[in-house]
Amino acid sequence: MEETRHMEDVQIERFSRFDRVVHWLVAITFLYLFFSGLGIYSPKFSWLLTLLGGLDFTRWLHPWTGLLFSVGVLLMFLRWSKDFLLTSDDVVWLKNVKYYIKSEEEKLPEVGKYNAGQKVFGWLVFIGCVVFLASGVLMWFPESFPISLVRLSIFLHDLAFILVGAGFIVHVYMGTVGVPGSLSGMITGKVSALWAMRHHPKWFKEVMRR
Amino acid sequence: MSTVTTEGTVGLGLKRVSASKLPDPNIKRADTLAILVDISSCIGCKGCEAACTQWHDLKPPLFKEGQDFVGYQSYSDLMPSLFMMMKFKEGETEKGLTWFITKYQCMHCGDPGCLKACPSPGAIIQYENGIVDFDHSKCIGCKFCLSGCPFDIPRYDANNKPWKCNFCVDRVSAGLEPACVKACPTNCLHFGTKEDMLSRAKKIVDQLKRRGFEKAIIYDPPGVGGTGYIYVLPHGDKPQMYGLPKEASVSPWISLWKGPLKIFGAVVLWGTLLGAFLQLILFGPIKAGNKKED
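Residue numbers (this note's numbering), protein chains in the order written: chain A, 1 to 210; chain B, 1 to 294.
Chain B on its own, in the form it takes in the complex (with noise of 0.2 Å):
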């Protein structure tokens, strides 16, 4: 999916790799990387969703006719040809009619869910700048980074193999800033590191609160160990509107399977080969002529 090697020495540093070592992360180094959204200066052009496709070179399907009704969206969902789309909602707030706008894509996590849940070793890589990204040639297509993303995020192909947003990090490594940030006609979109676009967010915010979004906030969910994309969401009292979720932590069952029930595992199955093998030196083969009776 990527064009940038995630083995040996060439390419961006490794944070962590799916179903392997954490990598030694004294060598290579980088600071990590934010977009920040901030929806209160989004106009809902929808540029973003448009440069994404094209630097992806991604042809997701028009609107048909008899589909279900998505407004003003382009699209329904995401899809294996869409990395990221704009959300729209309309709902009542104190300051009355309120149009909830969302870029939607992958969060590109702190602690990634796919990541965790992934079982083949390298199918997904976490780059020291924070860029979550898929391998392809290394994923069995088990679906199982569904079950890991609190965001539903990954779409699968024909072959069972996810798409998502990886965060332009083609451009990003050639020191670019990603697509759709680059399309922004209202500097909505901001690209920089995580600690810039949090200072630059919490003006933003005290901003708002001055005008009157008393309860704007900055949604960086520790739940995931904050995420890459962060938003600006003038109301923050209700980010289901934006089709975020309130909490967002990785599912307690990934944990569980990953760890506690690995070690029952091993336990139960080699100790079990264990039994049989001491059975079978110490007592020997249960036979059917060996007694002296006879």
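Bound-form chain A, shown alone (with noise of 0.2 Å):
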């Protein structure tokens, strides 16, 4: 009981400032693009372009904000990609990600800095990126482009909202409530070692070993 709670003062680095700034680019331009395209992409959902500026404002803001969500997103390409390649471990764990689900990570292979849910959502964000943008571009100038290439990018920008909107929703839950402690890694860039130690006890011994 003593060491566990001299652990949770212990404060070990996440997150350099790069990484925060990145990650916050990314994020608050996805949450104005999922809104603002939730706005345009369900008529059920119109009044959030009137919340987000109006109608015609909203739906001009989006396409900039995507630019902008790009080119975060490819920083992010470059700082992370190699951190989230798939090993084998990872596999075994998302086989047996129920385990995680009812909070029984002990029955799972030892996690190094990220698990296989979080380099999973990150390729799903990478590759999402690429079809958003490329989609993007065509529906933002739709007199430029073959209209049936036009008519595909709408599809796929859908498409690509779906899962990645779905993806979005598992990882502000996971980051707030579902794993209490993980938020702080990504405003001071610090976690708790007994956060590190649980749910990254792989990467935990390395930050040690230093």
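Bear in mind the hints are in silico, worked out from the structure with no lab data behind them.
Hints are not guaranteed to be accurate.
[As the list claims (entries may be wrong)] Calculated pairs, DSS-like style, for lysine-lysine (alpha carbon to alpha carbon, straight line, at most 30 Å):
#, chain 1, residue 1, chain 2, residue 2
1, B, K161, A, K44
2, A, K102, B, K287
3, A, K44, B, K21
[Said to hold, decoys possible] The following residues of chain A were derived to be distant from chain B, with all beta-carbon distances above 10 Å:
#, residue
4, S16
5, R20
6, L25
7, A27
8, I28
9, S42
10, L74
11, L75
12, V91
13, N96
14, G112
15, L124
16, F126
17, M186
18, W195
19, K205
No residue lacks a Cβ here, since even glycine has one placed at the ideal position from N, Cα and C.
Given two chains presented individually in distinct reference frames, assemble the corresponding complex, making use of the accompanying hints.
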């Protein structure tokens, strides 16, 4: 018990200043893209367009925000793509993800700095961004492209929205309520030693060795 | 765009409204209207073109030197400030050199692809009489209507608002004929109920067939639920020569992202939200310090 309390007080660095700036650049732009996109995607949510600045304005800002988002994701890719390569342990982890959901992490292979779920979400964002950007440019300037490709683009943009949107919901839930102690990693950059030992033991040991 | 109120009890009845529930069709009733374009009696005077720009107060930029050659046409293409134009094309048929003339503007589809594709409630409306119109105050400028259109009609201004022929809805609702019809000197253009226009078109086609135009047809494509502009094409086997698609229909992509994909999206997104919530109340947060082994 003594030791646990002690470990809760020890803070170790998880995300650098650069990491945090890039993360929030992508997070805030995505938040605007998600809700403005939802307003365009579904008439039931068209009131969101009014809330986010008005019908025309929101539709106008959406593609520009998308460009900013793409820059952020590119930086993310350069920073994290190597860390997100899946290992054989990750495959085992994903196959047994039910234990993670049931809060029985100890039944899963030891996790490094990122668990397989985080890695998969990372790739979902990277690939999703490419689809969003390519189809988005066609939708932005439909008069400059063959109309059949523009129609396909709307479909792909919607599909990417659904899949990345679902990942985003899970990500926000896990980062806040689902896994307590995670949010501070992205705000102050530091997490408690206990949090690291529990959720990312392999990474924790590496940090301790240093 | 139009002077006609589109909501409430005033104005023309509505048949369809973009991104909205179907209006009750039992309140206001109107015959479906149509303009018949009988190409066989068109002399290519472009009076309709002039009448259109005059009535709608449009000032399309005039032909400039250095622009692509447009032949006998006044313009190379529709513009936000040009709702309709005459297209001319020369081609060979069994009758020798033939001049293919078309009146090119919004076709006022019975099942409008633009309206189907539009994500903004009320930005595109179809009146009970079949006229398809835009309401710029509700338009978000996404240009999806261009994807929905099988005839490549909407043209966008600097604010991304679409413009097109509105069938002179202001004149029609005041009991007048559309400006182009009014101006036509050869009776090539006729205006009336769709039923009347179809029977008139049929007579003209029969006459043409007697005169040796065996392939004459009425162009009223069923793929878009019929159109508000119907054409008598003397060379009906070559609609493309008139700039009209042979099989006009709304792209299946539109139905896909308006139908199954929307359901899929709702299931996935709401399901994910529900799943996260269930994880929380069934298993609780995945905490770092709640294990007994320490």
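A quick look at each hint next to the structure:
1. Distance hint between K161 (chain B) and K44 (chain A) is fulfilled; the C-alpha atoms sit about 22 Å from each other, no more than 30 Å.
2. Restraint check for K102 (chain A) and K287 (chain B): the C-alpha separation of about 11 Å stays at or below 30 Å, so the hint holds.
3. Restraint check for K44 (chain A) and K21 (chain B): the C-alpha separation of about 11 Å stays at or below 30 Å, so the hint holds.
4. At roughly 22 Å, the least C-beta separation between S16 (chain A) and chain B is larger than 10 Å, which holds for a residue marked as non-interface.
5. Distance check on R20 (chain A): its Cβ is at least 21 Å (rounded) from any Cβ of chain B, clearing the 10 Å threshold; non-interface status holds.
6. Even its closest Cβ contact with chain B, about 24 Å, leaves L25 (chain A) beyond 10 Å, as expected for a residue assigned away from the interface.
7. For A27 (chain A), the non-interface assignment is confirmed: its Cβ lies about 17 Å from the closest Cβ of chain B, beyond the 10 Å cut-off.
8. For I28 (chain A), the condition that its CB be more than 10 Å from all CB atoms of chain B holds, with the nearest at approximately 20 Å.
9. For S42 (chain A), the shortest C-beta to C-beta distance to chain B comes to about 7 Å, within the 10 Å cut-off, and the non-interface label is violated.
10. No Cβ of chain B approaches the Cβ of L74 (chain A) within 10 Å, the least distance being about 26 Å, so the stated non-interface status holds.
11. Listed as outside the interface, L75 (chain A) is consistent with that label: its C-beta sits roughly 27 Å from the nearest C-beta of chain B, beyond the 10 Å cut-off.
12. With a minimum CB-CB distance of about 21 Å to chain B, V91 (chain A) clears the 10 Å threshold, and the non-interface call stands.
13. No beta-carbon of chain B is positioned within 10 Å of the beta-carbon of N96 (chain A); the least distance is around 14 Å.
14. With a least beta-carbon separation of about 17 Å from chain B, G112 (chain A) lies farther than 10 Å from that chain, consistent with its non-interface assignment.
15. The beta carbon of L124 (chain A) is kept farther than 10 Å from every beta carbon of chain B, the shortest such distance being approximately 12 Å.
16. The claim that F126 (chain A) is not at the interface with chain B holds, since no C-beta of that chain comes within 10 Å of its own (minimum 20 Å).
17. The claim that M186 (chain A) is not at the interface with chain B holds, since no C-beta of that chain comes within 10 Å of its own (minimum 16 Å).
18. At roughly 4 Å, the least C-beta separation between W195 (chain A) and chain B is not larger than 10 Å, which violates its mark as non-interface.
19. Every CB of chain B is more than 10 Å from the CB of K205 (chain A) (nearest about 16 Å), matching its label as outside the interface.
Checked against the numbered hints listed earlier, the structure breaks hints 9 and 18; every other hint is satisfied.
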